[in-house]
Amino acid sequence: MAILEREALIHYLDVLGANSTNPSFTHKKITDVTTSSASTWEVIGDDIEEMSVELNTDTSQFKNILGQTKVKDNGYTPSISAEPFYADPASDLYKILRDIALDRKKNDDCRALMLEVLVEDTTATTHLAYVSEVVVKPTSYGGNATDGVNIPFTIMENGDRVKGSVTLTGDRASNYVPTFTKA
Amino acid sequence: MSEEVVYDVEGYEAITEALRELLNQFPALQYDDISFASMDAESGISMLPTSGAVVKSERTSIIGKVRRVCQYPFTVTYRGMGLSEDRRASVKEWLDALGRWLEGEVVTVNGTQCQLSQYPALSGDRRIISIDRSTPTYLEAVNQNQSEDWTIYMVLKYKYEFQRTRINM
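Residue numbers (the working numbering), protein chains in the order written: chain Y, 18 to 200; chain X, 8 to 176.
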């Protein structure tokens with residue numbers, strides 16, 4: 018049995034707009050990805066040893082009048098805690114996170130698009146992918162003297178999510194360049 | 008059960024070269040060079056790695072990037088013949104000053120304050136983090152010809168980052 022390596026599940030944030038005078042997330046709606054200019058996806062996890070999508074299921078059990086146990090399923094409120102994220106001035110994501118954190122930006126300034134890719138077969142030409150509307154919030158900034166400035170952040174789903182596929186150029190999760198197509 | 012020791016073979020070569028160059032930039036080094044693993048029977052200063060470059064910790068990121076912290080322990084030995092008490096004290100002081108200088112402290116050489124501004128760059132994705140003394144200078148040996156070896160033990164730590172080859176996915 019072959020188990021997928023962790024490297025097979027890759028998360029990106031669209032950092033188009035990072036190099037403007039006011040570094041910010043440019044694409045905020047899924048329609049931006051599917052109809053307008055190409056996205057610039059930056060991979061998350063360069064410094065991270067463990068990261069999961071927390072689905073935060075919202076369910077409750079109850080008994081109906083027939084005495085049967087039932088589940089009320091209110092779905093999910095997914096989020097990701099990305100930690101650590103060490104400040105690298107060459108990173109576009111760093112520029113945006115820096116400005117959100119230091120300028121105390123909120124609401125629309127924190128809205129972004131996240132691309133989730135699952136590479137089940139490295140020889141395939143396309144791979145399963147989803148784009149989600151999200152909110153990105155740095156949770157702190159600082160850190161210790163040894164590791165450098167750390168800006169951990171949280172990604173929270175905030176709106177639509179569409180299924181599609183990506184083609185990847187490059188040979189590793191660290192250097193893939195994905196192109197998303199809606200299903 | 009003893010832990011398996013992993014060596015960074017290429018790192019050993021890169022560090023040795025850079026460290027030899029760095030040691031010979033010590034401002035208090037006036038007439039002699041610090042040689043590598045060789046000394047005259049009566050006098051000299053020599054640097055000697057005490058083992059290979061050993062991997063102390065390794066972390067792999069979720070996108071497959073490996074970050075290692077490695078250690079390169081080494082000694083610097085000052086050999087002298089017929090050392091007077093004062094000369095012994097100054098040899099010890101000299102080696103301790105070398106240690107402090109490599110650690111990044113300010114040392115005074117001939118009345119001038121000196122401080123190492125940065126560690127040398129290494130080839131590839133290796134970067135020196137620190138050099139620290141493991142011991143103060145001490146008399147390690149009195150040889151058959153009565154020459155004395157005064158030695159300081161130090162450890163150089165460096166980071167090494169690389170992308171691990173994907174075996175299967």
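These are calculated hints, taken from the structure and not from any lab test.
Beta carbons: idealized from backbone N, C-alpha and C, even for Gly.
Treat each hint with caution, since some may be false.
[Unchecked claim] Not everything, but these chain Y residues come out facing chain X in the computed CB check (under 10 Å):
1) Ile27
2) Thr57
3) Ile61
4) Asp63
5) Ile65
6) Glu71
7) Lys89
8) Asp120
9) Lys122
10) Gly160
11) Val194
12) Thr198
[To be verified] Here are the simulated EDC-like pairs of lysine to aspartate or glutamate, each with C-alpha atoms no more than 16 Å apart in a straight line:
13) X/Lys164 / X/Glu24
14) X/Lys99 / X/Asp156
15) X/Lys166 / Y/Asp164
16) X/Lys164 / Y/Asp164
17) Y/Lys154 / Y/Asp90
18) Y/Lys199 / Y/Asp49
When the hints from earlier in the document are held up against this structure, which numbers fail?
Violated hints (numbers, rising): 2, 6, 7, 8, 9, 10, 11, 12, 17; every other hint is consistent with the structure.
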